[in-house]
Amino acid sequence: MPTRKKRPKLAVFKFASCDGCQLSLLDCEDELLLLADAVRIASFAEASSRVLRGPYDISLVEGSITTPHDAERIREVRAQSRVLVTIGACATSGGVQALRNFRDVKEFARVVYARPEYIDTLATSTPIADHVKVDYELRGCPIDKRQLLAVLSALLSGRTPSIASHSVCMQCKLRGNVCVMVAHGTPCLGPVTHAGCGALCPTYHRGCYGCFGPAETTNTGGLEWALVAAGASQEDIARTYATFNTAAPPFRRAQEEQLVQIRLKEGRRG
Amino acid sequence: MARTIKVDYLARVEGEGALTIRFKGDKPSAVELRIFEPPRFFEAFLRGRAYQEVPDIVARICGICPVAYQMSACHAIEDALGIRTDGTLRALRRLLYCGEWIESHGLHVFMLHAPDFLGYEDAIAMAKDHREWVVRGLGIKKAGNAIVAALGGREIHPINVKVGGFYRVPTRAELSALLPALETALGDAEMCLAWAARFDFPAFERDYEYVALRHADEYPFCEGRIVSNKGLDIDLHAYEEHFAELQVPHSTALHSVVRGRGDYQCGPLARFNLNFDRLGERARDAAERVEFVPPCHNTYKSLLARMVEIIQALDEAIRIIHGYAPPDAPAIAAAPRRATGYGCTEAPRGMLWHKYTLDEAGLVEDARIVPPTSQNQKCIEQDLWQLAPTLAAMPHAAATRRAEQAVRNFDPCISCSTHFLRLAIERED
Numbered sequence: 000m001p002t003r004k005k006r007p008k009l010a011v012f013k014f015a016s017c018d019g020c021q022l023s024l025l026d027c028e029d030e031l032l033l034l035a036d037a038v039r040i041a042s043f044a045e046a047s048s049r050v051l052r053g054p055y056d057i058s059l060v061e062g063s064i065t066t067p068h069d070a071e072r073i074r075e076v077r078a079q080s081r082v083l084v085t086i087g088a089c090a091t092s093g094g095v096q097a098l099r100n101f102r103d104v105k106e107f108a109r110v111v112y113a114r115p116e117y118i119d120t121l122a123t124s125t126p127i128a129d130h131v132k133v134d135y136e137l138r139g140c141p142i143d144k145r146q147l148l149a150v151l152s153a154l155l156s157g158r159t160p161s162i163a164s165h166s167v168c169m170q171c172k173l174r175g176n177v178c179v180m181v182a183h184g185t186p187c188l189g190p191v192t193h194a195g196c197g198a199l200c201p202t203y204h205r206g207c208y209g210c211f212g213p214a215e216t217t218n219t220g221g222l223e224w225a226l227v228a229a230g231a232s233q234e235d236i237a238r239t240y241a242t243f244n245t246a247a248p249p250f251r252r253a254q255e256e257q258l259v260q261i262r263l264k265e266g267r268r269g
Numbered sequence: 000m001a002r003t004i005k006v007d008y009l010a011r012v013e014g015e016g017a018l019t020i021r022f023k024g025d026k027p028s029a030v031e032l033r034i035f036e037p038p039r040f041f042e043a044f045l046r047g048r049a050y051q052e053v054p055d056i057v058a059r060i061c062g063i064c065p066v067a068y069q070m071s072a073c074h075a076i077e078d079a080l081g082i083r084t085d086g087t088l089r090a091l092r093r094l095l096y097c098g099e100w101i102e103s104h105g106l107h108v109f110m111l112h113a114p115d116f117l118g119y120e121d122a123i124a125m126a127k128d129h130r131e132w133v134v135r136g137l138g139i140k141k142a143g144n145a146i147v148a149a150l151g152g153r154e155i156h157p158i159n160v161k162v163g164g165f166y167r168v169p170t171r172a173e174l175s176a177l178l179p180a181l182e183t184a185l186g187d188a189e190m191c192l193a194w195a196a197r198f199d200f201p202a203f204e205r206d207y208e209y210v211a212l213r214h215a216d217e218y219p220f221c222e223g224r225i226v227s228n229k230g231l232d233i234d235l236h237a238y239e240e241h242f243a244e245l246q247v248p249h250s251t252a253l254h255s256v257v258r259g260r261g262d263y264q265c266g267p268l269a270r271f272n273l274n275f276d277r278l279g280e281r282a283r284d285a286a287e288r289v290e291f292v293p294p295c296h297n298t299y300k301s302l303l304a305r306m307v308e309i310i311q312a313l314d315e316a317i318r319i320i321h322g323y324a325p326p327d328a329p330a331i332a333a334a335p336r337r338a339t340g341y342g343c344t345e346a347p348r349g350m351l352w353h354k355y356t357l358d359e360a361g362l363v364e365d366a367r368i369v370p371p372t373s374q375n376q377k378c379i380e381q382d383l384w385q386l387a388p389t390l391a392a393m394p395h396a397a398a399t400r401r402a403e404q405a406v407r408n409f410d411p412c413i414s415c416s417t418h419f420l421r422l423a424i425e426r427e428d
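Chains as they are written, first to last, in numbering that gives the first Met the number 0: chain X, 0 to 269; chain Y, 0 to 428.
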């Protein structure tokens with residue numbers, strides 16, 4: 000038998016999330032068995048009963064931190080991981096469940112549960128990078144599986160992964176789409192949203208809703224007049240930023256600016 | 000002698016759960032399917048959102064069955080707004096749902112459940128000895144995903160679903176391009192059913208109450224009455240009068256019961272038992288060839304029901320694509336009004352019931368979502384109670400594996416089950 004270099008250990012960990020980003024790995028139907036030849040899948044509860052002990056060469060982390068127990072667990076994961084890659088909006092910005100950060104979580108628990116005292120939860124949903132050092136981030140709700148494969152193959156071949164940080168607009172132009180905002184007056188977050196999806200929404204004749212979170216540089220103030228010109232109210236704009244990356248700072252600031260203006264308007268009326 | 004079977008982190012299920020069975024002697028003294036998936040409070044933050052945003056938000060409840068959430072939400076909101084999608088738009092929705100069933104069932108049958116029957120830790124280990132079956136399974140799964148990606152824009156959290164229809168409808172050529180892979184998958188699925196029918200299914204039966212939608216002439220996806228084999232036959236508006244949800248300390252998901260009776264099972268085996276006569280010829284013939292016919296009260300065989308539903312969904316997807324001509328408009332128009340609407344569709348794991356109250360401006364005042372895994376939770380625990388004496392007689396490792404397999408029979412989606420479940424009261428009535 001030819002001697003073979005020991006294959007690197009890959010682990011997948013889940014925190015508060017919908018499971019969609021780790022499912023992206025299982026959705027690589029053509030590559031999955033090849034990948035399983037290139038790495039040892041050491042811990043991936045959604046797919047396997049097998050758990051190998053750490054340390055792990057590459058850890059993929061899905062989900063946000065919402066419980067005291069998970070705040071501890073992510074430290075253990077970090078300690079066991081050589082390279083830690085966060086995957087998806089929950090892990091990189093706190094996800095849709097971060098809507099609680101700006102409200103009263105006890106009130107939320109009362110809406111959902113008859114006995115909220117059974118529920119152990121933190122007042123906030125926070126990204127992994129608020130708790131431990133993160134080596135690479137993959138954006139998106141969900142992540143794009145081609146980006147995931149690109150990052151994994153870069154790491155496995157010892158290259159530094161390169162992930163484009165420009166806006167959806169750039170990908171939209173490359174795809175040859177007609178601009179939905181300019182041509183059809185459809186409100187679109189493409190100018191301020193991180194690339195990665197391939198400009199899907201404009202390709203399907205709808206405006207981008209920001210599921211990849213803010214691009215590296217954003218001008219939400221500049222976008223505001225275009226959204227208003229396209230017929231969006233200030234309430235609409237505030238809600239549009241308050242979704243899957245609501246706690247990402249540029250999107251949070253854009254919401255707050257709208258909310259301040261709404262309150263001023265109401266104050267004048269009142 | 001006190002003995003405990005304990006699984007601290009259930010594998011090959013979607014989401015975070017654990018299992019404890021305590022014995023006093025040979026008798027079980029406690030069975031707990033503990034769900035510790037952190038709650039995400041969807042029903043709370045849906046309040047104040049515009050109705051147009053709801054399909055995209057609820058999709059995020061579950062990465063495995065986002066289409067189900069989008070479909071139940073759209074139907075409920077359309078019910079509130081007083082509109083109905085018919086004809087080609089309705090057919091396209093069925094096509095999208097077929098894609099999700101094929102993908103989700105394919106994942107469960109080949110990657111999560113089959114390894115239990117053949118004695119592997121996962122599909123990758125299984126592929127070392129049974130590579131051709133894993134490859135066929137991945138091909139089937141991929142064919143389902145291709146439908147969702149073509150019609151929905153991407154496999155997970157599709158972007159093309161809206162209240163009233165779609166943002167953009169596909170061209171004939173875009174859908175026809177899917178046909179070769181779907182035809183191959185259909186032939187493979189028939190072979191895989193015959194393969195799976197030879198698995199060694201543990202002898203285990205229980206007198207279940209099965210609950211599923213039933214439609215006048217179709218295998219159920221988005222419409223129908225809620226029926227059971229114990230005499231239930233109700234309109235989906237009447238759901239709350241007939242079902243209750245109970246909160247228990249050991250779970251962040253609520254337990255559902257039929258009022259006055261108790262636990263029930265929803266999902267593929269329930270649909271199969273209640274709707275066998277609504278299957279297309281291709282799926283029915285395939286099931287009959289392997290002598291898998293209703294009534295079947297062995298939930299380990301839910302794997303076969305999933306395979307039959309894969310065949311049904313592939314067959315139906317092919318039929319829809321052959322008959323497709325793009326409609327004039329991608330969606331029908333709607334205007335906001337104050338109303339409450341109900342929607343219930345068959346997610347891969349079972350019935351998914353939604354209710355929304357909208358205000359005059361079309362903002363959500365109240366939302367209630369009942370996902371399939373919370374409905375099955377009590378049923379899973381009851382199965383484990385009945386299984387416990389068998390487990391007590393088995394070596395510990397084998398008993399633990401068998402108990403986990405019994406949980407996986409339901410393809411539990413724990414991420415789904417925890418994130419809502421509103422309940423005003425804890426009651427037994």
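Derived from the structure by calculation, the hints contain no laboratory data. It is possible that part of the hints are untrue.
What the hints assert, rightly or not - Okay, derived cross-link-like pairs now, SDA-like style, lysine to any residue, Cα gap no bigger than 25 Å in a straight line:
#1 X:4 with Y:130
#2 X:264 with Y:359
#3 Y:141 with X:152
#4 X:5 with Y:124
#5 X:5 with Y:128
#6 X:264 with Y:358
#7 Y:127 with X:48
Quick rundown of the hints versus the structure:
no.	hint	result
1	X:4 with Y:130	holds, 24 Å
2	X:264 with Y:359	holds, 21 Å
3	Y:141 with X:152	holds, 21 Å
4	X:5 with Y:124	holds, 17 Å
5	X:5 with Y:128	holds, 22 Å
6	X:264 with Y:358	holds, 22 Å
7	Y:127 with X:48	holds, 16 Å
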